[in-house]
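Undergrad: Residue numbers in the sequence shown follow numbering that gives the first Met the number 0, run continuously in steps of one, and reach 177 at the last position.
Be careful, since some hints might not be right.
[To be verified] Derived lysine to aspartate or glutamate pairs resembling DMTMM-like cross-links, with alpha carbons at most 20 Å apart: (1) 35 <-> 81; (2) 31 <-> 76; (3) 35 <-> 76; (4) 109 <-> 55; (5) 148 <-> 65; (6) 137 <-> 25.
[Unchecked claim] Label pairs and their in silico Cβ distance ranges: (7) 75 <-> 127: 26 to 32 Å; (8) 106 <-> 40: 29 to 35 Å; (9) 78 <-> 158: 17 to 23 Å; (10) 167 <-> 138: 25 to 31 Å; (11) 161 <-> 111: 38 to 44 Å; (12) 135 <-> 158: 36 to 42 Å; (13) 85 <-> 39: 20 to 26 Å; (14) 161 <-> 127: 24 to 30 Å.
Bear in mind the hints are in silico, worked out from the structure with no lab data behind them.
Just so we're clear, the structure is a prediction, and the values are computed from it rather than from any experiment.
Note that beta-carbon positions come from the ideal geometry of N, C-alpha and C, so glycine has one too.
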Amino acid sequence: MRCFFGFLLIQLLTVTAFAQRYKVTDEGSSIKFRIKNFGIETGGSFTGLEGNISFDPNNILKDSIDLSIDANSINTDNNMRDNHLRKDEYLDVQHYPRIRFVSSSVAVDKNAHFTATGQLTMKGTTKEVSIPFTAVPKDSGYIFTGEFKLNRKDYKVGGSGPISNALTVQFTVFARRQ
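Construct the entire structure; sequences and hints are all you get.
TA: Dropping the structure here:
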């Protein structure tokens with residue numbers, strides 16, 4: 000009988016020692032971007048979001064994020080521009096079909112605002128970025144929202160010209176418990 004209770008205790012401790020795993024859903028999620036072109040703000044979105052998130056707001060040392068989007072899904076409401084952005088000079092979707100973020104750490108401040116730091120890979124270039132976000136429980140999961148800035152030149156996206164180097168990414172990611 001003592002063995003049974005010892006086994007049960009170990010199982011309970013093991014379950015509570017790990018962050019909950021969540022599967023990202025494309026439905027209920029959005030990845031949008033804004034950039035200035037000829038001084039006018041324009042933007043678009045991506046779909047095809049996939050990934051997993053291990054998240055426990057009370058034990059962030061075990062948190063991890065692994066997300067990717069389908070680069071070919073770029074949508075700026077202009078088919079001609081979208082096709083241009085899929086080509087080699089911009090996203091080169093033929094050779095680099097996904098844009099991926101993998102966290103190395105997650106931090107939280109006193110206001111429950113989180114920051115994930117990790118590697119963002121786009122068009123074959125990987126750079127460390129820090130992404131601030133909030134997490135709100137919803138339907139056996141979480142909605143993660145945030146916004147961050149990138150320099151498109153860091154990822155060899157686009158050439159020179161009237162397009163800004165600064166790009167703003169806004170996201171809402173819905174993930175359900177696995």
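Undergrad: Determine which of the earlier numbered hints do not hold for this structure and return their numbers in increasing order.
TA: Of the numbered hints, all hold.
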